[in-house]
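J.: One-letter residues, chain by chain:
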Amino acid sequence: MSTPSVNDFVIKLANVNGTGSASANGLLMKSIFRMGVPVVGKNVFPSNIQGLPTWYEIRVTGEGYGARSGDVDMMVAMNANTYARDIAALRPGGVLIYDSTWPRQHVLSRNDVTVLGVPLAQMCNGAFKAARSRVLMKNMAYVGAVAALLDIDVDVVRTLVREMFAKKPKLVDLNMQAIALGYDYAMEHFDCPLAFHVQKLDNTAGKIMIDGNTAAGLGCVYAGATVGAWYPITPSTSLMDAFKSWCEKFRVDPDTGEHNYCIIQAEDELAAVGMVVGASWNGARAFTPTSGPGISLMSEFIGFAYYAEIPLVLFDVQRVGPSTGMPTRTQQGDVQLCAYASHGDTRHILLFPADPGECFTMAANAFDLAERYQTPVFVLSDIDIGMNDWMVDELKWDEARQPDRGKVLNVEQIEELEVFHRYQDVDGDGIAWRTLPGTHPKGAYFTRGSGHNANGDYTENEAEYQEVLDRLVRKWRGAADHVPPPVIKMAKGGKARWGIIAYGSSDCAVLEACDTLAAEGLHLDYMRIRGFPFNDDVSAFVEAHDLVYVVEQNRDAQLRGLMMLETLIPRAKLASILHYSGEPLTSHFVHEHIKAAARQEQSA
Amino acid sequence: MTSFAKPHINLKHAKRNDLGLTWHDYEGAMSTLCAGCGHDSITACMAKAFFELSIEPHRAVKISGIGCSSKTTAYFLSESHGNNTVHGRMPSVATGAAAANAGLTYIGVSGDGDSLSIGLGQFAHAMRRNVNMLYMLENNGVYGLTKGQFSASADIGSKSKKGEINLSPPIDPVTLALSLGASFVARGFSGDREQLVPLIKAGLKHNGFGLIDVISPCVSFNDHPGSTKSYAHTYQYYHPAVHADYVPMSEEIKTSYAAGEAVPVELHDGGSIILRKIDEDYDPRDRGAAYTQIAERDAKGEIVTGLLYIDESHDDMAAMNKLPARALNTMPYETLCPGSEALAALQKGYR
Chain F
1 MSTPSVNDFV
11 IKLANVNGTG
21 SASANGLLMK
31 SIFRMGVPVV
41 GKNVFPSNIQ
51 GLPTWYEIRV
61 TGEGYGARSG
71 DVDMMVAMNA
81 NTYARDIAAL
91 RPGGVLIYDS
101 TWPRQHVLSR
111 NDVTVLGVPL
121 AQMCNGAFKA
131 ARSRVLMKNM
141 AYVGAVAALL
151 DIDVDVVRTL
161 VREMFAKKPK
171 LVDLNMQAIA
181 LGYDYAMEHF
191 DCPLAFHVQK
201 LDNTAGKIMI
211 DGNTAAGLGC
221 VYAGATVGAW
231 YPITPSTSLM
241 DAFKSWCEKF
251 RVDPDTGEHN
261 YCIIQAEDEL
271 AAVGMVVGAS
281 WNGARAFTPT
291 SGPGISLMSE
301 FIGFAYYAEI
311 PLVLFDVQRV
321 GPSTGMPTRT
331 QQGDVQLCAY
341 ASHGDTRHIL
351 LFPADPGECF
361 TMAANAFDLA
371 ERYQTPVFVL
381 SDIDIGMNDW
391 MVDELKWDEA
401 RQPDRGKVLN
411 VEQIEELEVF
421 HRYQDVDGDG
431 IAWRTLPGTH
441 PKGAYFTRGS
451 GHNANGDYTE
461 NEAEYQEVLD
471 RLVRKWRGAA
481 DHVPPPVIKM
491 AKGGKARWGI
501 IAYGSSDCAV
511 LEACDTLAAE
521 GLHLDYMRIR
531 GFPFNDDVSA
541 FVEAHDLVYV
551 VEQNRDAQLR
561 GLMMLETLIP
571 RAKLASILHY
581 SGEPLTSHFV
591 HEHIKAAARQ
601 EQSA
Chain Z
1 MTSFAKPHIN
11 LKHAKRNDLG
21 LTWHDYEGAM
31 STLCAGCGHD
41 SITACMAKAF
51 FELSIEPHRA
61 VKISGIGCSS
71 KTTAYFLSES
81 HGNNTVHGRM
91 PSVATGAAAA
101 NAGLTYIGVS
111 GDGDSLSIGL
121 GQFAHAMRRN
131 VNMLYMLENN
141 GVYGLTKGQF
151 SASADIGSKS
161 KKGEINLSPP
171 IDPVTLALSL
181 GASFVARGFS
191 GDREQLVPLI
201 KAGLKHNGFG
211 LIDVISPCVS
221 FNDHPGSTKS
231 YAHTYQYYHP
241 AVHADYVPMS
251 EEIKTSYAAG
261 EAVPVELHDG
271 GSIILRKIDE
281 DYDPRDRGAA
291 YTQIAERDAK
301 GEIVTGLLYI
311 DESHDDMAAM
321 NKLPARALNT
331 MPYETLCPGS
341 EALAALQKGY
351 R
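If you're matching them up, the sequences are chains F and Z in order. Mapping to my numbering: the first sequence position 392 is 392, numbers consecutive. Mapping to my numbering: the second sequence position 185 is 185, numbers consecutive.
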C-alpha cells in the first residue's frame, strides 16, 4: 500500500443510483484528465434503475497505470445505507467527505481518518427550487468541494460543464452555481488543498477516454459491417447503441436519407444470431453483441454456423454468472463456453481485447477472421472494458486497409467452373470456397446443418462425414497464427524463473504488479494472450519458465483449463491466481498473491 | 439419404417461360418423403409458380427449418441457394438474408411443428417486421419425422394414429397472422393445385410478408378416420372463399371476370392480384371482418381457403429500415468506412 501523494491517490464516491451521480463523477474524472493527469475510472453499479447503492472510483495516477490499485484515499459518502462499509474501506489517514446536513454519529466511528462535513443538501435546498434540481445539484456541489480539496482547475471544470450541456445552455449556470456552493464552502472551512491533490502534468497527450462498447461499435463501422441484430442485455446494449449512433453519423446518405446499414432488434438472442447467420450467409458483414446468457441461448446457431461454415461475429461483453448472476458486475466467465459453444465437436476463434483501443482494432480483425475462416469469431470483452471510460491511445485507422472478405467466388470465377462443390478443400488450407445467393445458377448449393460431404450433399456415410469434420479442425488450427499474437514483456535483467499469463481486462493490474514486484526484487516475465486457438508462443513461454501464474477473473481457471486441453504444457507448471468477486481486478490483488507464493516457495 | 439427384431430361417441345426455361429447370432433387405426401404436391406447386412467374432460379432463395416440410426445399429450384437452418428458426435467417440483399425472392418453407411450437416466436415476429418473403406453412397437424405426436395445430377431438384424442386447442396460423398484422394471409390445400399455384404466385409478388397455410395431409401418421387433417376430412369441409390470380404488369387485365366479383389489387411491381370472390359475403381487404368470418366458420369445422386477407399499403422491412436500392452486401467498402480523417475528428469529443 503506497501513501497517497500528489497525482497518486484514489477517490471513491458512494452514491444512490438514479440520482444523477454518474455524470457528476464523470465530470470530476474528465477534469483531472484534462489537466494532463492520467486517470482510471471504474463504475460499480447495481442492476436497478433507481435506489440501490452505486460506487464510482477514480484513481489519479501520474505514472499512468491502468488498473484499480485497491486503495481508497478519499471517500465521498453520499449513501446513508452504505456508510458503514464505505467508512471501513477508507485507508488509515484518508479523508471522508459526507453530507453534514443531518447528524451522522457513525461517521465519527473511525478516529484514524479526517472527516469533512459539507452541508450539501442544506445548501442546495436553499439555492434551488425544483425537487429534482435539489437532488441533482447535490452531486455538482460535492464536485465543487472535491475540486477545492484537490486543487482541480475550476476553469477546466467550467469548460467541461459547457460541453456537457452544449444543447441546454441554461443548465450551465445552474450547474456552475452548484459547483461554486461546494467549492466556496470547502475553501472557507477546510485547509485546501489536501496533501494529496492534483497538479497539472502533460501525460495525457495523444490519449482519449472512451469505453470499450463505444469503441467496438465504431470498429464495426470501420470494418464495413452493415447488419447488426441484437437483443437488449446488460452490458452489451451500449455497443449496439454506439453502432447505431455512429451509423447515423456516417452511414446515412445525405441526399436520399437512405441507410447503408440495418439494425434489427430481435425478439430474443436466438433470433438475433439467426439474423446474423442469414445476413452473413448472404454476404453482408453482420454481428451481434451480447453477454453470457445470450451466448447460452445462441449456442445452437453457433454450432450451425460452425458446421455449415458461415461467418459470424459475436461480441460477448462478459458479466458475472452463472445464470442471471450479477448482471452489472464484471468477470471473465465465458471463456470455455465460447471456445466450444454448441453440441458435438465444435471449436471457435476467440479474441481477447485488453482495453477499448483493442475493442476497436479487434472488432475489425474479427470480421476479417470470420470471413477468412467462414466460422464464428467471438470478441470477449467484459463490463470493465465495455462500460468504463478508459484512457487509451488515440484510435488510428490505416487508410490503405482493405477488408479480407475471404474465399468468395464471383460471377466470372463461377462461370469458369465446370461444377461448384461447396466444401472441397481445393487449396489445401482447410478453407473451401463459398458462393453468395443470387450470383450465378452454377454457384447454387444447399446449406445444411445435417451431415454433409465435401460436395455439400447430404450424407450419413462415415468416411464422407469424417472428411468434413477433420477439415474443419485443420481449418481452425490454421487460425492460430492469424489471431493477434501474444504480447510478451520480458523482465529486465536476465532470465526470470517465473512467468505470468493474463488476458483481457486483467492486463493493467498485472503490468503494475510486475513493476511493483520488480522493485521488490522479484522479476517475472509476462505474456498477455490475445487470441485462441493458441499459437506456439504460448507453449514456448511456459516451457521457458519453472512456473507460470495464470491470472484470471473467474473461479474455475478457464483459460488455464484451455491451455491444458489444447497444449502439451505439464499441468504442474501452471498455477492460478483467480479473482471473481465481480469488481474489476486490482494491482494489489495480483501483487499480494504472487508475493505470498514467493514467500511460500522460499520457506519450502 | 434424404435426397437423390434427378436425371435432367431435356424435352425439346417442353413449354418455355419468358426466360426460355422449361419446367425442369425449376425442379430439385428427388423427394424422399412418403408416397402420397401432401408436401410433394406443394413442392410441385411452388416450382410451377416460380416457372410461371419467370423468376430466374438463382435469384430465388429457399430457407427452411427442420421437419418433413423443411426438407422439401431440396426438392425444387436446384439452381437456387437453399438454407436448411435449425428447428423453428427459419424466419430469423430469412430476415437477416433479406436485410443483406432485399433484391432476391425469398421463400420460407416450414411446418406446423416448426412454426407453431418451437418456432412460434420467430414466426410471429417475422410477420410484425413484414419481411418481404413468402412463408409456406405445410400444415398436417402432426410430427412426422418423430412418428406421430400431435402438433400445436391439431384440433380438439382429433384422433392420433395410436388412438389418442387431442384435448388442447389448436393454434390457427391464419387467425394468428391476422391478429399480428400480417399483410398477406392465405390458406390452401395440397389437394387443390388450381387454387394453390395462383396463391403462391400472388404471395411471391406481394410486397411484404406473405403467409400461406397449406393443409397437407400426412399419409403415414394423420390420414386416418378421426383425424381432422386427413384428405377425406379436408375435402369434406373445404370451403374456398376468395380466388386470387396474379397478373403481371405487361398483361392487360382480362375482362372475363363478372363485374362486382373481380377486384384488382395493385402491387408494387406494377402487376396486380385479381381477387375473385367465391363467397360473396367475404371481403379479403377488411382485417376485422376476415378475422370474424374465419373464426366463426372454424368453430363450425369449416376450412375457409383462398386469399383471406391482403393489404399492399404496408411498408416492408426494407422500407421501414430505409434500406437503399443497392443491396447492403454489394455496398462498396469505400462507402462504408468513414476513413482516418473522420476518425481523428470524432475523437475530439473524447479528450
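Calculated from the structure, these hints are not laboratory results. Where is the CB? At the ideal position from N, CA and C, for every residue including glycine. Hints are supplied without guarantee of correctness; some may be wrong.
To be verified - Simulated restraints on C-beta separations:
1) Z:Leu11 / F:Glu418: 45 to 53 Å
2) F:Glu460 / Z:His24: 26 to 34 Å
3) F:Pro322 / Z:Ile156: 37 to 45 Å
Unchecked claim - Straight-line Cα separation of at most 25 Å, PhoX-like style, residue types lysine-lysine; simulated pairs:
4) F:Lys489 / F:Lys573
5) F:Lys249 / Z:Lys348
6) F:Lys573 / F:Lys492
7) Z:Lys12 / F:Lys442
8) Z:Lys348 / F:Lys244
J.: A separate judgement is required for each hint: does it hold in the structure or not?
T.: Structure-based check of each hint:
1. Z:Leu11 / F:Glu418: 45 to 53 Å: 24 Å, violated
2. F:Glu460 / Z:His24: 26 to 34 Å: 28 Å, holds
3. F:Pro322 / Z:Ile156: 37 to 45 Å: 41 Å, holds
4. F:Lys489 / F:Lys573: 19 Å, holds
5. F:Lys249 / Z:Lys348: 15 Å, holds
6. F:Lys573 / F:Lys492: 22 Å, holds
7. Z:Lys12 / F:Lys442: 22 Å, holds
8. Z:Lys348 / F:Lys244: Satisfied, since the Cα-Cα distance of roughly 19 Å is no more than 25 Å.
The structure fails to meet hint 1 from the earlier list, while all remaining hints are met.
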